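Read top to bottom, the protein sequences are chains L and E.
Position one of the first sequence corresponds to residue 1 (the working numbering), numbered consecutively onward.
Position one of the second sequence corresponds to residue 113 (the working numbering), numbered consecutively onward.
Treat each hint with caution, since some may be false.
Unchecked claim - Simulated crosslink set (DMTMM-like; lysine to aspartate or glutamate; CA at most 25 Å straight-line):
id : chain 1 : residue 1 : chain 2 : residue 2
1  : L       : Lys111    : E       : Asp139
2  : L       : Lys69     : L       : Glu31
3  : L       : Lys3      : E       : Glu171
4  : L       : Lys111    : L       : Glu31
5  : E       : Lys176    : E       : Asp139
6  : E       : Lys126    : E       : Glu217
7  : L       : Lys3      : L       : Glu66
8  : L       : Lys111    : L       : Asp67
9  : L       : Lys69     : L       : Glu14
10 : E       : Lys178    : E       : Glu199
11 : E       : Lys153    : L       : Asp82
12 : L       : Lys3      : L       : Glu14
13 : E       : Lys178    : E       : Asp139
14 : E       : Lys176    : E       : Glu199
15 : L       : Lys111    : L       : Glu14
16 : L       : Lys3      : E       : Glu199
17 : E       : Lys126    : E       : Asp139
18 : E       : Lys178    : E       : Glu134
19 : L       : Lys111    : L       : Asp82
20 : L       : Lys99     : E       : Glu171
21 : L       : Lys111    : E       : Glu134
22 : E       : Lys153    : L       : Glu66
23 : E       : Lys176    : E       : Asp200
24 : E       : Lys126    : E       : Asp177
25 : L       : Lys99     : E       : Asp139
26 : E       : Lys126    : E       : Glu164
27 : L       : Lys3      : E       : Asp177
28 : E       : Lys153    : E       : Asp139
29 : E       : Lys167    : E       : Asp177
30 : L       : Lys3      : E       : Glu164
31 : E       : Lys178    : E       : Glu217
32 : L       : Lys99     : E       : Asp177
33 : L       : Lys52     : E       : Glu217
34 : E       : Lys132    : E       : Glu171
35 : L       : Lys111    : E       : Asp177
36 : E       : Lys153    : E       : Asp200
37 : E       : Lys167    : E       : Asp200
38 : L       : Lys69     : E       : Asp200
Derived by calculation from the structure, the hints in this document are not laboratory data.
These figures come from a predicted structure and were not determined experimentally.
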Amino acid sequence: DAKTTQPTSMDCAEGRAANLPCNHSTISGNEYVYWYRQIHSQGPQYIIHGLKNNETNEMASLIITEDRKSSTLILPHATLRDTAVYYCIVRVGRAAGNKLTFGGGTRVLVKP
Amino acid sequence: GAVVSQHPSWVICKSGTSVKIECRSLDFQATTMFWYRQFPKQSLMLMATSNEGSKATYEQGVEKDKFLINHASLTLSTLTVTSAHPEDSSFYICSAVLSGGGSYEQYFGPGTRLTVT
């Protein structure tokens, strides 16, 4: 699976949009971009995923560049409960046995 | 939907004893589950892939005789840490794969914190 690069940490203000970047310059054509987050001492929570097109759900938006070498997760209105470690993962294909390889992630602190 | 539970949420055991951790998919069936381990201030490390009705596949460096995995039903996988030692103290997390409509998403349990004294 392609490796991803994320900032180690970032702060954002409550109520403002949080933009979390991820570089995946070696991504292959059949690899999807996934985002998970892990709140302290809990299991990871799925946020969103995409292949080529931008995606949006009730939690976040995912913007993937046209060359697919980078993406941005957008939390539209950050709340204190969004404080967590956010993981950007690229995963081959879509099959039950396909693994998720977690990197270091971005530690996001939402401040009042 | 897509809820995964783990039991126990935390456990303390003495060195040399064995501990069993359960992972259940509560509202869906999962032919594939994964087990991860996470040490403090580190990321999740995949330990093994658990497939219902067959032997687990272990990642390189994970001792299969020490970390016994049983996926006996479509909703339950268990991880047994045998002859636990203090270095096995960690946060153990499972995930279950929800299959449907061509999608295979992993949903994670809340984790089990193991402390070996």
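Exercise. Between lysine 167 of chain E and aspartate 200 of chain E, is the straight-line Cα distance small enough, at 25 Å or below?
Worked result: holds, 22 Å
Problem set entry | Given hint glutamate 217 of chain E paired with lysine 126 of chain E - CA-CA distance at most 25 Å | violated, 36 Å
Exercise. Does glutamate 134 of chain E lie within 25 Å of lysine 178 of chain E when you go C-alpha to C-alpha?
Worked result: holds, 16 Å
For this session: Measure nothing beyond the straight line between the CA atoms of lysine 3 of chain L and glutamate 164 of chain E; if it is 25 Å or shorter, mark the hint as holding.
Result: Violated, because 29 Å separates the two Cα atoms, which is more than 25 Å.
Exercise. Taking 25 Å as the top limit, are the C-alpha atoms of lysine 111 of chain L and glutamate 14 of chain L close enough?
Worked result: holds, 6 Å
Exercise. Between lysine 3 of chain L and glutamate 66 of chain L, is the straight-line Cα distance small enough, at 25 Å or below?
Worked result: holds, 18 Å
Exercise. Regarding the pair lysine 153 of chain E and glutamate 66 of chain L, is the alpha-carbon distance no greater than 25 Å?
Worked result: violated, 34 Å
Problem set entry | Restraint check for lysine 99 of chain L with glutamate 171 of chain E, where alpha carbons must lie at most 25 Å apart | Holds - the C-alpha atoms of glutamate 171 of chain E and lysine 99 of chain L are around 11 Å apart, at most 25 Å.
Problem set entry | Distance restraint between lysine 3 of chain L and glutamate 171 of chain E, which requires alpha-carbon spacing of 25 Å or less | holds, 18 Å
Exercise. Lysine 178 of chain E and glutamate 199 of chain E: Cα distance at most 25 Å?
Worked result: With Cα atoms ~13 Å apart, lysine 178 of chain E and glutamate 199 of chain E stay inside 25 Å; holds.
Exercise. When you check the alpha-carbon spacing of lysine 3 of chain L and aspartate 177 of chain E, does it fall within 25 Å?
Worked result: With Cα atoms ~30 Å apart, lysine 3 of chain L and aspartate 177 of chain E exceed 25 Å; violated.
Exercise. For the pair supplied as a hint, lysine 69 of chain L and glutamate 14 of chain L, is the alpha-carbon distance within the 25 Å limit?
Worked result: Violated, at about 29 Å.
Of the numbered hints given earlier, the model fails hints 1, 4, 5, 6, 8, 9, 12, 13, 16, 17, 21, 22, 26, 27, 28, 30, 31, 35, 38; all others are met.
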